[in-house]
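Number of protein chains: 4
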Amino acid sequence: MDDLLRFGKQALASQPFSVLIGAELTDYAPGRAELTIPITPQLKQQHGFVHGGVISYAADNALTFAGGSILGPAVVTSEYKINYLRPGIGTALVARATVVYSSKTQVVCRCDVFVVSERKENLCAVSQGTIVGLGRPSEAED
Amino acid sequence: MDDLLRFGKQALASQPFSVLIGAELTDYAPGRAELTIPITPQLKQQHGFVHGGVISYAADNALTFAGGSILGPAVVTSEYKINYLRPGIGTALVARATVVYSSKTQVVCRCDVFVVSERKENLCAVSQGTIVGLGRPSEAED
Amino acid sequence: MDDLLRFGKQALASQPFSVLIGAELTDYAPGRAELTIPITPQLKQQHGFVHGGVISYAADNALTFAGGSILGPAVVTSEYKINYLRPGIGTALVARATVVYSSKTQVVCRCDVFVVSERKENLCAVSQGTIVGLGRPSEAED
Amino acid sequence: MDDLLRFGKQALASQPFSVLIGAELTDYAPGRAELTIPITPQLKQQHGFVHGGVISYAADNALTFAGGSILGPAVVTSEYKINYLRPGIGTALVARATVVYSSKTQVVCRCDVFVVSERKENLCAVSQGTIVGLGRPSEAED
Chain A
1 MDDLLRFGKQ ALASQPFSVL IGAELTDYAP GRAELTIPIT PQLKQQHGFV HGGVISYAAD
61 NALTFAGGSI LGPAVVTSEY KINYLRPGIG TALVARATVV YSSKTQVVCR CDVFVVSERK
121 ENLCAVSQGT IVGLGRPSEA ED
Chain B
1 MDDLLRFGKQ ALASQPFSVL IGAELTDYAP GRAELTIPIT PQLKQQHGFV HGGVISYAAD
61 NALTFAGGSI LGPAVVTSEY KINYLRPGIG TALVARATVV YSSKTQVVCR CDVFVVSERK
121 ENLCAVSQGT IVGLGRPSEA ED
Chain C
1 MDDLLRFGKQ ALASQPFSVL IGAELTDYAP GRAELTIPIT PQLKQQHGFV HGGVISYAAD
61 NALTFAGGSI LGPAVVTSEY KINYLRPGIG TALVARATVV YSSKTQVVCR CDVFVVSERK
121 ENLCAVSQGT IVGLGRPSEA ED
Chain D
1 MDDLLRFGKQ ALASQPFSVL IGAELTDYAP GRAELTIPIT PQLKQQHGFV HGGVISYAAD
61 NALTFAGGSI LGPAVVTSEY KINYLRPGIG TALVARATVV YSSKTQVVCR CDVFVVSERK
121 ENLCAVSQGT IVGLGRPSEA ED
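Protein chains in written order, with the working numbering: chain A, 1 to 142; chain B, 1 to 142; chain C, 1 to 142; chain D, 1 to 142.
Some hints here could point you the wrong way.
Straight line, CA to CA, 30 angstroms or less: simulated DSBU-like cross-link-like pairs of lysine-lysine [as the list claims (entries may be wrong)]:
no. : chain 1 : residue 1 : chain 2 : residue 2
1   : C       : K44       : B       : K44
2   : D       : K9        : C       : K9
3   : D       : K9        : A       : K104
A partial selection of chain B residues facing chain C, derived with a Cβ cut-off under 7 angstroms [to be verified]:
no. : residue
4   : K81
5   : N83
6   : V99
7   : V100
8   : Y101
9   : V108
10  : V126
11  : Q128
Everything labelled a hint here was simulated from the structure, so no lab data went into it.
Remember, it's a predicted structure, so these values are computed and weren't measured experimentally.
By construction, the Cβ of each residue, glycine as well, lies at the ideal position given by its N, Cα and C atoms.
Construct the complete structure from the given sequences, taking the supplied hints into account.
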């Protein structure tokens, strides 16, 4: 396992909420990040689908990690939007985020969230957002 | 407690992920919904703040409930965006969503998420999104 | 007319595209901005409604001016989202943006766009976005 | 020229605002649309860059055309978000939208907007949004 992936796995393991969700960092390289979340009963809503909040968590966190792969670990997601496409029915969620633009202080990323069912991936949600570094005075440090 | 609030509390209690998060529906009326989430250690990220995924969950679910107050219980959030404003440091999150426009099939809502600290509310995130009814053929039923 | 409004009107008049659209700055104060656009035939799409691009322009530019009322004139809109609610049928568009949060480098605003018909305003679109100051190294200065 | 492109060019030519902007439909096929806008002085803001409103128009309209390539001509953009990445400095804007998901009533698309300078394309903005068909009762027909 390379250093960035090892480092990212440690960062994820240090987030209690990510541990609660059961998220794993399954790929991490400069400009991209992949989170995988096994779908367990506690992640569902009343109709048996994955709760939208879990899909949002996956997109948000994958975006943040992708941004951090460029800007370093001190980053936050500043904003993002998400479109839900299909109900999350399956065995796992896979969120893949890629950097589309970066400056010294900010990265814009996109993320595709797939739901895995019978070993096939179906696109479940698409997202786009901004990740900012905290190495400058920022609204996130107020 | 009125019928809509009682009904909404039951709906929330039937979502395993909402139970896992510890969300409570604290206000529910036609055109608006309020979710309150006590901040527990398991909802945090590595710096001790509430994880952004929890804030997103709060906004997303409050938007959905606000939409459902107009369209009925069979609704899903189709899309939304969120801007994070301040780190979530405090004892609880309060997400208040209001309907800004509704048609027969769709509702557009805004949501303000506050973090409560020493009995004072600070605006923590702002969100805007679309909730669609499932009473028609829809991408959410594919 | 106060200084900020006078200053803003000059800034708007210096934007050739705003002159082409026919936009007027009709209110400008710390934390808010209002643009008014008389609806002329050239601003329409094929069905006789105002083109969505004009509504987007109105929201985008009102957001930028609202941000500039706090951060000063050297600002750009970094990102925004918009939900179209009603077709733009009437005599004018009025876009009102307000600041919901500001730090030293960034402002988050919301904007309501109304269409005026028979002296009545109807909500036509709602928007939310981020305005950043250019007084720091920024992706907008690359 | 194939039928869809010819049809799309006629649709664009019937939008007075698109004629005012000077937009051309330069590619149109099931699932994608490309708009090209020569950068003229009247499309600029006070610093000599293309006005953000023009970039938004390009993204919005390319998204709508991409959606229409699947759903038919009676469509509207319901919502979208856009991140501005670089100032629009060059000779033309090129907006390329692609469909990422479609149902019978709704399409989700992404759009990349490039600015062309010295025959090189630079990514200038990225966008994501929802296009809805008007063949059903809709908020756009109120």
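Results for each hint:
Our distance criterion of 30 angstroms between C-alpha atoms is broken by K44 (chain C) and K44 (chain B), whose separation comes to about 49 angstroms. Distance restraint check for K9 (chain D) and K9 (chain C): the Cα-Cα separation of roughly 37 angstroms exceeds the 30 angstroms cut-off, and the hinted pair is therefore not satisfied. The hinted pair formed by K9 (chain D) and K104 (chain A) fails the criterion: a straight-line CA distance of about 41 angstroms is larger than 30 angstroms. For K81 (chain B), the suggested interface contact is upheld, since its CB lies about 4 angstroms from the closest CB of chain C, less than 7 angstroms.
At about 5 angstroms, the closest approach between the beta carbon of N83 (chain B) and any beta carbon in chain C falls short of 7 angstroms, and the interface hint on this residue holds. For V99 (chain B), the suggested interface contact is broken, since its CB lies about 11 angstroms from the closest CB of chain C, more than 7 angstroms. Checking V100 (chain B) against chain C by beta carbon gives a least distance of about 6 angstroms; that is within 7 angstroms, so the hint holds. The interface hint given for Y101 (chain B) holds, since its Cβ lies 4 angstroms from the closest Cβ of chain C, which is under the 7 angstroms cut-off.
A cut of 7 angstroms between beta carbons decides the hint on V108 (chain B): the least distance to chain C is about 5 angstroms, and the hint holds. The criterion of a C-beta within 7 angstroms of any C-beta in chain C is met by V126 (chain B), whose closest approach is roughly 6 angstroms, and the hint holds. With a least beta-carbon distance of about 5 angstroms to chain C, the hint placing Q128 (chain B) at the interface is held under the 7 angstroms criterion.
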